[in-house]
Every structure is written in C-alpha cells, then in structure tokens.
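A.B. asks: Protein chains in written order, with my numbering: chain S, 6 to 344; chain H, 754 to 1078.
Please keep in mind that the hints were generated in silico from the structure rather than gathered at the bench. Glycine is no exception: its CB is placed at the ideal position from the N, C-alpha and C atoms. Please note that the accuracy of each hint is not assured.
As the list claims (entries may be wrong) - Coverage of chain S stretches by chain H, computed from C-beta distances (three or more under 8 Å per stretch; other residues unrestricted):
#, region
1, 141 to 151
2, 252 to 263
Said to hold, decoys possible - Lysine-lysine pairs mimicking DSSO-like chemistry, simulated, CA-CA at most 30 Å apart:
#, chain 1, residue 1, chain 2, residue 2
3, S, K178, H, K854
4, H, K854, S, K52
5, H, K793, S, K178
6, H, K1005, H, K934
7, H, K934, H, K796
8, H, K793, H, K934
9, H, K854, S, K113
10, S, K113, S, K52
11, H, K1075, S, K178
Here is how the chains run, residue by residue.
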Amino acid sequence: MSTTQITEATRDLSSEEQTRLGLYRQVVRIRAFEERAYRLFMEGLVKGTSHLSLGMEAIAAGFGEAMRADDYTFCTYRGHAHTLARGTPMAGVMGELLGRASGVCGGKGGSMHLTSVEHGAMGSYAIIGAHLPIANGAAWSAQVRGSGQVAVCFFGDGTTNIGAFHEALNLAKVWNLPVVFVCENNLYMEYTAIGDVTAVEHPAADRASAYGLESIIVDGNDPDVMYEVATTAIERARSGGGPSLIEAKTYRHGGHSRADPGEYRPDDEVAEWLTRDPVPNYRARLLADGLDETILEDVEAQAHADVDAATEAARAAPPPQVQAAYNNVWADGGSSWRN
Amino acid sequence: MAELITYRDAVARGLAQELRRDPTVHFIGEDVAAAGGVFKATKGLLEEFGPERVRDTPISEEAILGAAMGAAMTGLRPVAEIMFSDFLATCWDLVAVEIPKTRYMTDGQVSLPLVIRTANGGGLRFGAQHSQAVENWAMSIPGLKVVAPSNPRDVIGLLAAAIRDPDPVVFFEQKSLYPTKGEVPDGEIIDELGVASTVRPGRDVTIVALASMVPRAVAAAEELDGLGISAEVIDLRCLVPLDTTTVIESVKRTSRLVTVEENPRLCGWGAEIVSIVGEECFWHLDGPLTRVTTPHIPLPSSDALEDEFLPSVSRIVEAAQKVLL
Ligand SMILES: Cc1ncc(C[n+]2csc(CCOP(=O)(O)OP(=O)(O)O)c2C)c(N)n1
Ligand SMILES: [Mg+2]
Chain S
6 MSTTQITEAT RDLSSEEQTR LGLYRQVVRI RAFEERAYRL FMEGLVKGTS
56 HLSLGMEAIA AGFGEAMRAD DYTFCTYRGH AHTLARGTPM AGVMGELLGR
106 ASGVCGGKGG SMHLTSVEHG AMGSYAIIGA HLPIANGAAW SAQVRGSGQV
156 AVCFFGDGTT NIGAFHEALN LAKVWNLPVV FVCENNLYME YTAIGDVTAV
206 EHPAADRASA YGLESIIVDG NDPDVMYEVA TTAIERARSG GGPSLIEAKT
256 YRHGGHSRAD PGEYRPDDEV AEWLTRDPVP NYRARLLADG LDETILEDVE
306 AQAHADVDAA TEAARAAPPP QVQAAYNNVW ADGGSSWRN
Chain H
754 MAELITYRDA VARGLAQELR RDPTVHFIGE DVAAAGGVFK ATKGLLEEFG
804 PERVRDTPIS EEAILGAAMG AAMTGLRPVA EIMFSDFLAT CWDLVAVEIP
854 KTRYMTDGQV SLPLVIRTAN GGGLRFGAQH SQAVENWAMS IPGLKVVAPS
904 NPRDVIGLLA AAIRDPDPVV FFEQKSLYPT KGEVPDGEII DELGVASTVR
954 PGRDVTIVAL ASMVPRAVAA AEELDGLGIS AEVIDLRCLV PLDTTTVIES
1004 VKRTSRLVTV EENPRLCGWG AEIVSIVGEE CFWHLDGPLT RVTTPHIPLP
1054 SSDALEDEFL PSVSRIVEAA QKVLL
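Could you put the whole structure together from the sequences, leaning on the hints where they help?
C.D. replies: What follows is the structure, encoded as structure tokens:
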C-alpha cells in the first residue's frame, strides 16, 4: 500500500517514482522513529527493553509498500518498523513504548507487543517462532473466506532453528496457504553468530527445499529489491500459488536490545555493513536517478516532525488507569473467573 | 424424546450441531477427518461437512494450535483437537502464552473464539505419558476457560457453549468416559459455561467432582446412603468460569466438603475450592475440608496400580465418613 502523499511537488512523478518515494518515506520514518526510541530508552522514558530495526529498515519498507491494506502482518518483538510500515500512527506506537494510556495497546503490550489490528498489524510476538504457525492460521482463514488476503510473517535468523518454524513451513505448503515467511537474517541471534549454531550456511533458504519451496536470498538492505521480492511473493500467495520463504540479508547497526553495544561483532564486519546502510544509499540512488532533492528533504522534514509530535504526545499522555489492568482478559471486557 | 448415546458419539453430535449451525466453525486435528479420530469420537464429520471444514493435520501440535489461533483472530471459529491432553506440553507456548494473553496484551483488539478439545485423564492403562489429568494446568492460566463434562448430554451442551463462546476454551474429554452412555434429549442442546449442577441432593456432606470423578462420587453417595450419610454431589462441569455460588450454597447447608479430583495432588483444582470455602464459609463448617486426589505421582500403567491410585469409590466413602466423625 503506497504511503506516498501526492502533493504539488510529487504530482508529476511516474508511478515507479511514486513507489520509490514511498519506500524512501518508509525507511526515513522508521529510521527517525528508531533513533528517537533509542534516545528515549537511554533517558529512561522507554522502560523494560526495546529491539530496534536500525539498519534493517528496507525489509519493512518493501513489504509495507507492497502489501494491500487488508493484508496481515505478524512480526516479532523487533517490531516497531513493521508496525509503523503498515501505517499505524506514530503517536500510538510511541505512547505504547512509554507505557501510556495513549499507546496502541493501552500500555498493556509495550515495545515487544505492538499491535494495531485496524492497520493489519496483527501482533508482535516475543516467543521465538510462535507467530509462524499463527500467521498460517490467518492465511488459512483468508483462504477459507476467499478474501484474497495474504499473511506476511517476519522473524530472525535465530528463529530458523526452533521447531515451530519447521512445523509452520510444512503445514503452509501442505495446505497451500497464502502466507509469506520473511527471515530477516541479521547474522546474529542475541549475542551468538547464527553460523556458529546452524547446520547450514543460509539458515532459512537452505531449509526451503525440505518444504518444497524455492530457495530465495535477497539483499535486505535494498528497498527496491525488497519491494520487488515482496510484490512477487504476495502476488503468488494472493493468486493461489501458495507460500514463499524469503531470506533477506541485513544487519543491525546497534546491539540486540536495550543498551547492548554489540561488542561481540568484529569491527571490520560492522564497518563493512555500515557502508551498506539502506537510508543514505537509497537516497543517493534516488538522486542519481534524477529525483529532485527538495522532494527528499520534504520527506525527511516531515518524518522528523512526525517523530517530534509523537514524542510530545506520548510524553504528555497520562499513564493507564489502574482499573485498566483488570480489563480485557475476556471478551466481556472483564477478568472475572467466578460468580 | 430422548436417546441413549455414548459420550464418544456425543462429541461427534455436538460438533455436528455447531458445524451445521455456523459456517465459520472448522475442525482440525491429527487423524480426525478420514479416520474419525483415534477414539472414534469424530466419526462421520468428514462425510457430512467435507474436507475443507473437517481437516486432517500433520503431527505438529504447535502448527495445529497456531492455525486455530490465527484463524480465530481473523473470522473463523476453529475447534482444534490435541489427541491426548499430555501432548499439550508440546504446544504449551500456544496454550499458556499466546492464546490466553493476546486479547489482554492488545487491550481487546484481538478476539480468540476457539476451542481446544483433548482426551484427558487415566483409566485406560496407557501409562504416564498418555494418562495424566491436566485440567489444573489449564486452570492456572489467566485467559483460558476450562470445561470438563461428565456425561453425554453435557458433552453436547457444553461443547456448543464452548464453540459459541467468544473466548478460548480448553475442553477436556475424559477418555475413560468415551464408552459410557447417557440420555440425550432430541434437538439442539446448548448450555452455559460456569454453571455447576447438583446431580444428587443431600444433607450431611457436599462432594464436589468433575468429569470421570462424578460417576464415582455418585456411586460413593449411594454407598454412604446405606451407612446413613446423606451426601450431596455437585458436578462442577467448568473450572473457569467457576460456579462457586453453587458450591458455597451447598456447603452452607451441609457444613462439610469433600472434593474429588483426578489430577495429581499439588495445586489441583480442589485446593482452590477448599481455599474459597475456607475463606468464605468458615463459620458454617463442622468438619475438615478434605481433598481426594490422585497422589502426587506420574500415573502407573499396570491396571492394579492405576486402580489403586485414581480416586476410587471406597476412598471417597472413607473421606466422607471421616469429615463426619
Ligand atoms: C523460545 C524463546 N527462546 C529464547 C528467547 C530469548 N531471545 C529473545 S530474542 C532472541 C534472539 C533471536 O534471534 P533472531 O531470531 O535472529 O532475531 P533477531 O533478534 O536477530 O531479530 C532470543 C534467543 C525467546 N524470546 N524465545
Ligand atoms: Mg538475528
């Protein structure tokens, strides 16, 4: 779903340019949001933990732009990017990070559980592998209802070694489900390199053939590539062609979570990946391809203004009321277990 | 009109009633469709409803419950079978962490109208990995409703209530009850969750039981009659929601309580009942609150041992006599 807003300046762009501007808008917004989230964490305003997608923005951007408004996103605790990429308002996401009543989950989810069902963001799951079978369920329901919806499920490289990954891929293939599995291979689990604990070189792609799927490895730092692979896989799923498994190679700029400095990673590896930063690289590509720099500057200014506004709104919002802790265990809105 | 049918056939009849009524109801599990279930409790459903609505799965418990959860959050009302309740441990993340918490964590954005059906408990000499009564596992998790019928009529009525309920329900079928028979009225049967039934009125002691412990409690009450003790037997039917009112009202009259649980001793549901009654009926009591349970051991396979350790009629009789001393 393109997020590009048509303005005076962008009206004359070709549809391909509109798409690419939408992709740029996505990566810039996610980058600005994640940098702010990190700062607020260091200030002690974001409590608990948070897992950022700094450096990994292109994957969420490519899918965010390629998905239909009613498609389903399932993601992990590293889910700010995917939740925002579906159009969830920043203020609600920031409110949730700060534990405020204004958060998308009223402060009961937090950074690891962002959900906005009205935007197709069907939840951020913090148990490794849990959401792959659940994404299958949404895809199964879409198939039964004949709705044409597709479920897209994002997870890390470390997730390819848990049983749920394998159970989910097998069932998705056997039931020919409209689901796209996207492994964000950032080379590390929390602190352990994926290669040290995995029987194959490519943790997702090398497993694909076991489930009758094509082996797909792409540059997860390239928004154009991600958009293309997303479009192809989603179209295949939507037209009854069944599931796909995509391994997108990427890298996180920072540590796994919180204030982890990521010191277990070799300096030259970090330096090499920083040269592949999706945001400045994509900007340079768009300029080289003739896009007007003022248009990009507008996108950047807007993203920063939105982050500022979301931060102010979240800071000003009240904490959840104590009574809210007793709400919504059950569909009747309450938590009663006896008469 | 009424008909005498087995607990096993009641499962198929209850599922059929709901599959017929609501096109969003779907049923999945291992060997449930073509084979009609390993306990033959789902025979005939594939033939009537077709392979889209009654579907065999691979041996992938996480994939089964994940499919049910994702489908429930997007418009279906799935019923998923986990063949033996012991196997819930293989998909415990779905049962204990994903399914019960998602409505809460999303502050009500997600609804999960799904049912997990599973064959629970001992009595068939299957050994410790296919025999444990695990209703207390499910009861300990906020966000799950827990149902365990004791007879064919209730299987249908409670299964219908569970399927129509907007929240996730774990539905325990006690596997030794499958061949037992009971009267079932014609037509649609639909019950309410969280309503216990007083299956036998009495004056001297309240015996609270669940599932396969209900017929044993009734048999014990009959024996106690001969000993001049009038026992009231309550079939709890659901652990969550828990009908504490029926229990408390009864204990206020009898002033004595015995619970009969199949689950192992520690943290069994009877402990919760005893604690509630202890707190809220203390001044009405005339005897010690007493629990009859399976001891805190894995259930052994040998028939001699299994019969020794599952709560028996004679142990219930003894417990009731003791609280009346
Ligand atoms: C079942 C389970 N085991 C362990 C953890 C702890 N844990 C949280 S994140 C993580 C690393 C996951 O790595 P990966 O799948 O590569 O995702 P990434 O964080 O790199 O995006 C681990 C081990 C967990 N949350 N769930
Ligand atoms: Mg990783």
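A.B. asks: All the hints need checking, so say for each whether the structure fits it.
C.D. replies: Results of checking the hints against the structure:
1. Under a criterion of three residues with beta carbons nearer than 8 Å to beta carbons of chain H, the stated coverage of the region 141 to 151 of chain S is upheld, 9 such residues being counted.
2. For the region 252 to 263 of chain S, the stated coverage by chain H is violated: 0 residues have a C-beta nearer than 8 Å to a C-beta of that chain, whereas at least 3 were required.
3. For the hint linking K178/S to K854/H, the alpha-carbon distance of about 28 Å falls within 30 Å, and the restraint holds.
4. Simply put, K854/H and K52/S have alpha-carbon atoms about 21 Å apart, close enough for the 30 Å limit, and the pair holds.
5. Note on K793/H and K178/S: the hinted pairing holds, with a Cα-Cα distance of about 28 Å set against a maximum of 30 Å.
6. Among the hinted pairs, K1005/H with K934/H is inconsistent with the structure: their alpha-carbon atoms are about 33 Å apart, more than 30 Å.
7. Proposed proximity of K934/H and K796/H is supported: the alpha carbons are some 17 Å apart, at most 30 Å.
8. For the hint linking K793/H to K934/H, the alpha-carbon distance of about 15 Å falls within 30 Å, and the restraint holds.
9. Of the pairs offered as hints, the one joining K854/H and K113/S holds, with about 10 Å between alpha carbons and a cut-off of 30 Å not exceeded.
10. For the given pair, K113/S sits about 13 Å from K52/S by alpha-carbon distance, which is consistent with the 30 Å threshold.
11. Restraint check: the Cα-Cα separation between K1075/H and K178/S comes to about 60 Å, which exceeds 30 Å; the hinted pair is violated.
Checked against the numbered hints given earlier, this structure breaks hints 2, 6 and 11; the rest are met.
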